[in-house]
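**Q** Using the hints, position chain B against chain A.
Heads up: the sequence lines are chains A and B, in that order. Sequential numbering of the first sequence, starting at 1, is according to our numbering. Sequential numbering of the second sequence, starting at 113, is according to our numbering.
Please note that a few of the clues may not be correct.
Okay, derived cross-link-like pairs now, DSSO-like style, lysine-lysine, Cα gap no bigger than 27 Å in a straight line [what the hints assert, rightly or not]: (1) A:Lys56 - A:Lys104; (2) A:Lys107 - A:Lys56; (3) A:Lys107 - A:Lys42; (4) A:Lys68 - A:Lys107; (5) A:Lys104 - B:Lys169; (6) A:Lys111 - A:Lys42; (7) B:Lys169 - A:Lys42; (8) B:Lys125 - A:Lys42; (9) A:Lys71 - B:Lys169; (10) A:Lys71 - A:Lys104; (11) A:Lys56 - A:Lys71; (12) A:Lys104 - A:Lys42.
Pair ranges (Cβ atoms, derived) [said to hold, decoys possible]: (13) B:Arg222 - A:Lys111: 28 to 34 Å; (14) A:Val70 - B:Arg127: 43 to 49 Å; (15) B:Ser139 - A:Arg61: 25 to 31 Å.
Hints in this document: simulated from the structure, not taken from any laboratory. Even for Gly, the Cβ is constructed at its ideal location relative to N, Cα and C.
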Amino acid sequence: GESVGLHLPTLSVQEGDNSIINCAYSNSASDYFIWYKQESGKGPQFIIDIRSNMDKRQGQRVTVLLNKTVKHLSLQIAATQPGDSAVYFCAERQGSQGNLIFGKGTKLSVKP
Amino acid sequence: KAGVTQTPRYLIKTRGQQVTLSCSPISGHRSVSWYQQTPGQGLQFLFEYFSETQRNKGNFPGRFSGRQFSNSRSEMNVSTLELGDSALYLCASHGLTTVTDTQYFGPGTRLTVL
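Chain B with its partners taken away, still in its complex shape:
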């Protein structure tokens, strides 16, 4: 079974631009979560999508948004980029059973804002 894939792997943008990142979950997984990872703040939850609906949201400004498609693929968008948005953006997919909620991560997209 293929793992979680994220595209692109690396991205360089300038302040004020916007960016869209893509995530394809493990086949059969219907839930996708996004995280931002920085050396200073660690792994921080952005949002979670399940069946095309945002189910949970972290404490990030409205410049960060996302969506999920009917095939469970998800995108996240960051508008009006700031230097502080430079980070590794990780996507995790999970099957959402009632017993466990193991999340499997993709390799991430490394975003650099200049």
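Chain A with its partners taken away, still in its complex shape:
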């Protein structure tokens, strides 16, 4: 079965608020994690990634936090905008030649 899961299947936030999307993984050997955003009718779009030797990485309006102690990954989106509405997937890779294993996704809905 999948080793990556999500705590919240849906998340509704007000425009301008910060969003936090969570993800749990079960394999402590995973060394690389990615967040993807998928809009309706499109393929997943890369947002941000993080390696297991880091615990935080920031991008433009997004931050990924990795807590290896509890095997938890989160994506924080600052000042959420309507264009952020999409399904967000976390994925993990196990080993340098491992395939990506995806969680089932969280749907983010931004209310204007």
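**A** Relative to chain A, chain B alone:
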């Protein structure tokens, strides 16, 4: 730099038929991975090709196969289609560095099996 392209975008087939989907990776990327996306199972890994060789394979029946050409373009084939094969088939290309393995996805091919 052009992104990952997939053809066709939409396809309708009937049970028992076979189908071939095509993927052109980002220029310079040598690795291509294929995924099946369904509402019930989410994104599931099919296989990965690197330098014309299958390097990794997911847990799918032998009806699902693929190949990669010398220009890194890849095709996947599904034979003896079943209703459950209806899905969005996504291709992702990656440059395979030793540090990261960012995979960039194409728009997908929506396959409907009737």
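**Q** Confirm or reject each hint.
**A** Going down the list of hints, with the structure as the test:
1. A:Lys56 - A:Lys104: holds, 23 Å
2. A:Lys107 - A:Lys56: holds, 23 Å
3. A:Lys107 - A:Lys42: holds, 14 Å
4. A:Lys68 - A:Lys107: holds, 24 Å
5. A:Lys104 - B:Lys169: Roughly 20 Å separates the two Cα atoms, so the pair holds.
6. A:Lys111 - A:Lys42: holds, 21 Å
7. B:Lys169 - A:Lys42: With Cα atoms ~24 Å apart, Lys169 (chain B) and Lys42 (chain A) stay inside 27 Å; holds.
8. B:Lys125 - A:Lys42: holds, 21 Å
9. A:Lys71 - B:Lys169: Status holds; Cα separation ~25 Å.
10. A:Lys71 - A:Lys104: holds, 17 Å
11. A:Lys56 - A:Lys71: Within the cut-off at roughly 14 Å; holds.
12. A:Lys104 - A:Lys42: holds, 16 Å
13. B:Arg222 - A:Lys111: 28 to 34 Å: Given range 28 to 34 Å: holds, Cβ gap about 29 Å.
14. A:Val70 - B:Arg127: 43 to 49 Å: At roughly 46 Å between Cβ atoms, Arg127 (chain B) and Val70 (chain A) fall inside 43 to 49 Å, so the hint holds.
15. B:Ser139 - A:Arg61: 25 to 31 Å: holds, 29 Å
In summary, this structure violates none of the numbered hints.
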